[in-house]
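> Listed below, chain by chain, are the residues.
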Amino acid sequence: MSDFKFTKAHEWVRVQGDAAIIGITDYAQSQLGDIVFIELPKPGEMIKKSSQFGTIESTKAASELYAPISGKVIQINNELIDNPQWVNESALDKGWMAKIKLEDSEELDDLLDESAYKEFVGKEI
Amino acid sequence: MDLKKTPFYQKHLQNKGRIVDFSGWALPVEYKSTLAEAEAVRKNCGIFDASHMGEIVIRGVNAFSFLQGLVPNDLSIINIGQMQYNLFLNQSGCVIDDLMIYRMKNSFFCVVNASNKDKVVKWLNDNIKPGVEIVDKSMEYSLLSVQGPEAVKIIEKVFDCKGVDSEYLSFKEIKIKEEEIIISRSGYTGEDGFEIYLPWENSNQWWDKIIEEGNSFQLKPCGLGSRDILRIEAGYPLYGHELDETINPYEACLDWVVKLNKNFVGKEKLSKVKDSGVKRKRVGFIMEGRAIPRQGYPIHSKLGVIGEVSSGTYSPNISKFIGMAYLDKDYAKIGEEVEVEVRGKLYKAKIAKFPFINIKTKR
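Protein chains in written order, with my numbering: chain A, 66 to 190; chain B, 286 to 648.
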């Protein structure tokens, strides 16, 4: 999991060249409970670090999704819209949300690595 | 304020229940998955801790006439050993609480909402008559609800009684090793099931026995989240959502509870409501897309706001987002197309018949 980076808002980022895939962490999904609805931006839209880029709703409540990085949305996980439970089942893999063309790679420096994130949530991820 | 704990609190922790504050009680909203728990009850069975519910005993030589004079449903139509859904209404004919009344040999056992228990005890005492005694037994009884098609097999074994081979909404008082237990065939899910009132102090052994016996029937501990889904699927109102002190039973589609051929508190007002008709009505609705309608969300017609959501959820059993709402009566028609405002966006929905599932309570 070494190529994963994390935010304190419980998102993950996986860099692939000049782009990155984003999603929410396993800890986040375990706290949210059963996910029933996900709203994602459209390809071509710009998202901005720390701003809302989507919505995720569990049986308990709706929460805002905050962008871990800035950039242009290249691709979204369309299948996830119809299968939101994938976030519960596989937050780091099938539960990926969007692929972003990085706008400022320096933003990556602010992200936590796996051990720092683990320490932050105080439990195994 | 410290949360009150039911006798099963440690069981909830052992089962990794996610504990929340529910009307001052520490109760599990879910163990692992709210949706899986709601499905388990329709498919096999689930066990709920409902010990937070209030139990109020009304007894004395005038207990019957006292209670019959308060409630809109007719207590004379149930026999000893039967129970009845009923309401306490204020003078405006609106709902103070909804409750189940168990008719016992010399008393009435009233099961009220936890959030309303203190209010109801006070209201009963404000209306008390000579020859009537009101006893709050809420801390004497715990309550386990075992619901689902397999529930009957488990309960018959655990309590070693054929007595539960009974009609829906009937109950038995049994004694096992000096412990007095009440078992009713009832519930809040729309499935066949049982509610078991146990002496508070020794309750844990019964949880263990039910779980053990339930193993071979895929019995699942279930939290409040699934309880809410199941009652919405079944079209049952919940106090604080579909019922409160500004809503009358005609608006709530509880016409069948109101018997105008007898006296009760609120009758005068309700007789007028019946003649003039209601302005709003409780309806069920099904969302076309994906979004949970939540309490307070506005509902729109083409012309503007026509009501608001009272409850909503995702139903894993019909795989749809469903809800209940209060709507202007002109729009409260099955098939009517409306839009629900969810976080500033409008989502299409259709007024639907509730219950949303086939009720399978034993008749």
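These are calculated hints, taken from the structure and not from any lab test.
Check the hints yourself; a few may be wrong.
[Said to hold, decoys possible] Cross-link-like lysine-lysine pairs, in silico, DSSO-like; alpha carbons within 30 angstroms at most: (1) K183(A) <-> K630(B); (2) K159(A) <-> K438(B); (3) K73(A) <-> K317(B); (4) K125(A) <-> K633(B); (5) K317(B) <-> K457(B); (6) K114(A) <-> K630(B).
[To be verified] Pair by pair, the computed Cβ-Cβ distance ranges are: (7) A181(A) <-> G309(B): 36 to 46 angstroms; (8) D147(A) <-> G589(B): 31 to 41 angstroms; (9) R628(B) <-> P108(A): 14 to 24 angstroms.
All values reported here derive from a predicted model rather than from experimental measurement.
A virtual CB, placed ideally from N, CA and C, is assigned to each residue, including glycine.
> It remains to establish, for every hint, whether it holds in the given structure.
Hint check:
{"no.": "1", "hint": "K183(A) <-> K630(B)", "result": "violated (37 angstroms)"}
{"no.": "2", "hint": "K159(A) <-> K438(B)", "result": "violated (40 angstroms)"}
{"no.": "3", "hint": "K73(A) <-> K317(B)", "result": "holds (24 angstroms)"}
{"no.": "4", "hint": "K125(A) <-> K633(B)", "result": "holds (22 angstroms)"}
{"no.": "5", "hint": "K317(B) <-> K457(B)", "result": "violated (33 angstroms)"}
{"no.": "6", "hint": "K114(A) <-> K630(B)", "result": "holds (24 angstroms)"}
{"no.": "7", "hint": "A181(A) <-> G309(B): 36 to 46 angstroms", "result": "holds (39 angstroms)"}
{"no.": "8", "hint": "D147(A) <-> G589(B): 31 to 41 angstroms", "result": "holds (32 angstroms)"}
{"no.": "9", "hint": "R628(B) <-> P108(A): 14 to 24 angstroms", "result": "holds (22 angstroms)"}
Going down the numbered hints, you'll see the structure goes against 1, 2 and 5, while the others check out.
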